[in-house]
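Let chain A serve as the given structure and place chains B and C on it in line with the hints.
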Amino acid sequence: MSAVLHLDAVTRIHGEGETAVRALREVSFAASAGELVAIMGPSGSGKSTLLTLAGGLDQPTSGTVSVEGVDLASLGNDGRARMRRTSIGYVFQDFNLIPALSAVENVALPLELDGVRGRNARARAREALEEVGIADLADRFPDHMSGGQQQRVAIARAVVGERRLILADEPTGALDTETGEDVLRLLRARCDAGAAGVLVTHEARHAAWADRVVFLRDGLVVDVTGTDPAESLLESGVSR
Amino acid sequence: MSRLTSWRLALRLARREALRSRGRSVLAIAMIALPVLAVTAADVVISTQRVSAVESLDRRLGTTAAAQVVVPAEGQPVIQGVDPQAGHTSHGGRPEAAPTARDLAAALGDVRLLPERLGGVDLRTEDGVGYAEAFEVDLADPLAAGLVRLTSGRLPDDDGEVVVNQEVLDKGYAVGDRVELTGRHAPSPVIVGVVEDATWRTYPVLAGPLGSLGLDGPGYAPTWLVGGGPVDWDAVRDLNALGATVYSRAVVEHPPPASAIPAEIRSWQSDGPAEDVVAAAVLIVVMALLEVVLLAGPAFAVGARRQARSLALMAASGGTPAQSRRVVLGSGVVLGGAAAVIGIVLGIGSGIALAPVVQRWSSTWFGPLEIPWTHLLGIAGFGLLSALLAALVPAWIASRQDIVAVLAGRRADRPPSRRSPVLGVVLLGAGVAASAYGATAGRDGAYFIAASAVIAVLGMILLVPVVVVAVAWAAGRLPLSARYAARDAARHRTRTVPAVAAVAATVAGVVSLGIAVSSDEAQNAGTYTPMLPMGAATVTDYRTKADWPALRDALDAIVPSATVTELSGMVEATDDGGYMELTVRRDGEQVPLAVAGGALGTPVLVDAGAGIGALSMLSEADAAAARRTLAAGGAVVFTNDDADGAGEVRMTARVHPGPKQPAEPPRSATLAALLVHVDERDIAPRAVVSPALAERLGLQTRTVSLLVTGADISDRQATALGEAVTAVDQHAGFYVERGYQADDSTVILQLVLGALGAVLMLGGTLTATFLALSDARPDLATLSAVGASPWRRRAIAAAYALVVGLVGAVLGAAVGFIPGIAVSYPLTAPDFGGPGPFLDIPWLLVGSLVLGLPLLTAAIVGLTARSRLPLVSRLD
Amino acid sequence: MSVKQALLALLEQGPMYGYQLRGEFEQRTGSTWPLNVGQVYTTLTRLERDGLVEGAGSDADGHVVYSITDTGREEVAAWFTTPVARTQPPRDELAIKLALAVTVPGVDVGTVIQQQRSATMTALQDYARLKRSGPVSGQPSDLSWGLVLDSLVFSAEAEIRWLDHCEARLRRAALERPAARTARDVAATADEEVAR
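Protein chains in written order, with my numbering: chain A, 1 to 240; chain B, 1 to 876; chain C, 1 to 196.
Label pairs and their in silico Cβ distance ranges:
| hint | chain 1 | residue 1 | chain 2 | residue 2 | range |
| --- | --- | --- | --- | --- | --- |
| 1 | B | Ser317 | A | Gly194 | 46 to 56 Å |
| 2 | A | Gly15 | C | Leu175 | 18 to 28 Å |
| 3 | C | Ala119 | A | Gly194 | 28 to 38 Å |
These stretches of chain A come out as covered by chain C in the derived footprint (C-beta under 8 Å, 3 or more residues):
| hint | segment |
| --- | --- |
| 4 | 200–210 |
| 5 | 213–226 |
Read the hints as simulated data drawn from the structure, not as lab findings.
These numbers come from a predicted model, not from an experiment.
Beta carbons: idealized from backbone N, C-alpha and C, even for Gly.
So that you can see chain A by itself, here it is in the shape it has in the complex (with noise of 0.2 Å):
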C-alpha cells in the first residue's frame, strides 16, 4: 500500500547555536491510505512540529517531506498552498473557524480558494456537511454554534474535496468526552474509506482508534504500537 505521507529523516532544528531547539531528530513515518496514525507524546516532543511539515506550513532543516510522491520542498509557496487547498486537510483544537462566514462558506472554503465557482463550492460544500451530520446548520454562523458542532464543520471543511490526507491536532481538546468520541468516529470512517489519517493527541483512548499509534519523545520516536492492518481484519476481539 503506497504512503500518502512519508516523511524520511526529517530534522527540525529553531533557532540557531546556543538557544537551538531540536523539535525533530531524523525522524521517518509514513502513514498509508486507509490508515489512521496516532502521534502521542509529551508537550515539547515534536508532535505538532511534525504535523506542521505533514502540511507544509513549514520547512525541514534536513530530510524530505512527500505528500502523495511529491517532495513538498520541491513546490515553492504557491504549490504547497494549493496542496492544502486540493490533497492535505487540516483540524486544529480551536476549531479555527472564519467567524464572518457561515458554516457552508467555511467548508467551502478550500474550494473556493483554489476557484470553484460559488454555487459549486457551496453544493460539494453541503455533502461534507451531510457527511458529518450538521446539514441543517449549513447557514447558520460559528459564534451561534456549540464547541462540538463547529468542530464538525472544521472536519467538515477538513475532508471536502476528496482529500487524500488528513492532519488532525488535538481536534478532541475543548469537547467532552461524547463529543469527542464522535469526531474520532468521523475521522475513522474518513480513513476506512481511502483517506489516510494523523492525529496528534494526548489523551490515550482517542489514540486507540488509530492502527498505529507513535510514540514521540524530545523529537525521537521511542515506539510504535499497532498491528499491521491486515491483522487486524483477522481478530475477533473477546467473543460474546
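Chains B and C alone, transformed into the frame defined by chain A:
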C-alpha cells in the same frame, strides 16, 4: 479605590498598552499630532509675519527719531489714536494756516525737525513704465538713521543723486545710471548706492535728499522727523490741536489708557474680528475636531478591545464600570498628551523653518520670530480634547461590555442599538429641512445652510452602523475577499464606523463646497458680458494728443496680419477744460441705458459703418440694418427698453464750458434712428452716429481707439502689446476679449479641495485597513492553513479599503449634495435682474471622489500590503 | 470478587434458577467476568442462609428457583446507593512490579515502563475496535455492555497516564541523583579527612 489612585492605575495601564502596540499608538498619535502641527506652524508663520505696532516703529522712524509729524490738511485740528496711520480724522472748525516747522518745534520745546517727503514715482524700465516707492530725506542726517541700510556704493551727497534698492536694479538700472522718471519736469538723478529698505522688500524704492526725486507739489503733505527726547501723549495732543498728526515712539511703546483716546477713534479700533469671520472660524474648528475624532477613533476602539480581557478580569475582581472607562480614557490622555506635545514641538520647528520660505513670497519684511504661546496652549488643548473625545465612545462601550462573553473569548461587538439610527434619520431630516429653508432665506441663508450641513453630517454618522450592517447582509453573492471584508467590517463596528464616518464627512464637505464653488463659477461665466466680439482687441488712449501712428506701428510690429480699424468718437473732455454731453430722447424721455461705454474709448461712436464690427451685441440682421442706417446719415441708438427697428429720437449735444469759457447753445436734431435693445447688464455705447450727423450736432470727434480684428492673438503677443503700448504712452491701454476667463484661484480652490479630500479619505481608509488587518490575524492564519495563496492578504486588505472607501464616499456624496445644492440658491442669486440662480455640479470631482478615489486607495493598499500570511500559532 | 449483590439485583427482577442467573449476568456484562455455575450456587446458598433470598420451589425442568426476600430488596437498594469503597485497593500487580523495579538494582525501569505501555496501548486499540464494530442499537442491554467496555477503556487509559507520569518522575529523579551523590561523596571524604 480613590479617584486619584484609580486614575494613576489607569494612566499606568494606558502607558504600558501604548508601548506594547507601537503601530497602533503611532497611528493614533499621528492622527492627532498632524493637525496640531499644521495649525501651530501656520500660527507661528502668521504671527511672525504680522508686524505689531511696536515692531513697525523702526521702519517708519528709523532707529533714532522720536516721532514723525505729518500735516495733512490746512491747519484743521485733528484727532488721532496711537497710530495716526490706523485712522485719524478732523473735527472741522475753521481752517487756520498750516503750522510751519517753527510752530511745531516751538510746541515741542525747540527740538530739531528733519523734513521728509514720502510718495511714489513712475519709473521707466526695460518693459515700459512701473511704479516705485520713493522718499526724500537727508539720509546722512543722524535723525534719519535706520530708514535704509547701505549695502554697496555710498549715500547721496546732493540732490542730483539717489540710492535705490535691488528691485530697481532688476528693472534695468545699474549704479552710475541716471534714473528716468516720467512726468513733465521730473529730475533724473544718478544712482550712487544700493540699499535695503526697512519696509518694502519686493517693490522698487528710491531714496535721496530733498528735491532729488521731485516729490513736491500739491498732494504731498509736509512731514518731519522729530529729534530730541520722547514725545508724550500730551505733546501729541498739542500738535493735534495745531493741525498735525504725530506718530511717536514713546506713545506706541507705552500707549495711553483707553480713556485718554478720543471716543471716535476708540470706536474704530474694533479689537475683535468681524462676526462673519468668527462664525466661519467656529464652523471650521468644529468640523476639524469632528474629522480628527473620527480618524483617531478606530485606533482607540481597537485598543479598548485588546484590553477587553484585562478589563473583564478587572471587573471580575471587583472593578467598577467607571474604572473600566477610566482605563480607556487613560489611553486617550496618554496618547493625546503625547500627540499634543509632539505636534507643538514639531510645529514650532516647522514654522521656524517655513518662515524664510514664505518670506520669499511676501512683499514686506517679516518681523522678528514670534511664537504665540497662548495660542499654542489652546491648540494643545484642542489636541488633547480630540483624543479624549475619540476615546470616549470606546471607553463607554468598555464599561458596558459583557464580561462573560469576553472571558469566553467571543470576538465581536454587541448587536447594533436601535435608537441611534432613528435619531440619525431625524437629524438628517432636520438638516434637509433647514437646508431647504436656508435656500430661500436670502443672503443670510448661507450660514443657516452651513449649520444645517453639520447637523446633516451628524445624522449621517449615526446612520453609518445600519448602512455597514446592510452592506454586509447584501454581500452574500460577492467573491470571497469582498464577502469576508464586508462581513468582518460589520462584526467590528467600533472600528469600522468611525473610519467610514470620517470618509463620509470629508466627502460630504468636499462635495458641498465643490458644488458651491462650481455654481459660483457658473454664475460668473453666465453673467459675463463681453466688451468686444470674441478675439477682437482695442488699443485706447484717452489723451487728446495721442500718438496713433506710433500705436499703429506697435501693432504692426507684433501682429502684422491683423486688420486695424481706426474708430472715431465724440470727445468728452474738451481742450479748454469743459466737457461735451450727448443726450438722446424718445417721446420726451431719455432713452434708458444702464451702462454706456465699453472698450471703444467713447460713449458715442462716430462711424460710417466700418466700426460696426466692434459692437458684439448686434446680431447679423441688426448689424446690416445699422450699416444701412449709418450710410444714410442716421444713427443707431442703444436702449434698455424693448425696441424694434426704427423709431424717432431727438438727440441734443450740449457743451458744458470750462472755466472762463463762454456758454454755447446746445444743438439738437430729430431723426429716425435704429433702436437696438440691450440688457441692463450689457455694455454698449449710447449711440453710433454717422459723421454727417456728428457735424450737424457740432460734436468734436477724434480717433478714440484702434480696433484689431482678424488675427489670433496669443497670450505672449498680448503681454508684449500691453508693454509696447504703454511704452508709447503711459496712459494708453490694450484689451483683448477672450470671453470669460476662469479665475486661477477658482481652479486652484477646486484642486485644493480635491487634494484635501483625497488625503483625508486615504488617511481614514488606511487607518481602518491597518487595524482590520491586525485584528484579522487569526482568520488569515486559518486561511493559510486551508491553503490560501499569500496574495490573499493583499486581496483582503484591498477589499477592506474598498468597502470603507466606497461606502463612506457614496454616503458622503449623497449627504453632501443637500447643502451644496441648497447653498447655490443664495450664493448665485440673480442681481440686477440678471439670470440666476446657477447650479453647476462638478461631476468630475464628485465622480473621482466617489468612484475613482476608493478604487485608487484600494489599489494602493493592495499593492503595498504585505503578502505573507501569518502561521497558526500554537505553543507546543 | 464477590458477585453477591449482583445476583441479588438480578433476582429482584424476578425469581430465577442458577443457570439462568449466570446467563443473565454474563449477557449484561459482556462476558467480561465469566462465572462458574458452582460459584453461583455457592453464593445463592449463602444468600439463603443470610435470609436475603428464599427458595421458591422447582420449575418444570427440576431447577431450583430462588426469589428475593424483602430484606434482600433492602440490601439491593442499599448496594445501589452506597458508593464502592476504596479502603482496601485490590493488589495491583503492575504497581508492585514498578515499585520493586525502581529499588532493585540491575533493572532498567524505563524499558519496563515502555513495554507495559505498548501492551496496554495495544489492548486499548482492541477495545476501541470492539466499540467500533459493536452494535449501537440503543437497547438497554447494549448500553450496559457499552458501559462495561468503557470502564475497561478508561482504566487502560488511566494506566497509560500513570505510566507517563512515572516515566517523567524517574527522569527528574535521575537528574537530581548525581548531584545528591556528589554532595554525599564530598561529605564522606571530608569526614574521612577529619577522622584521619
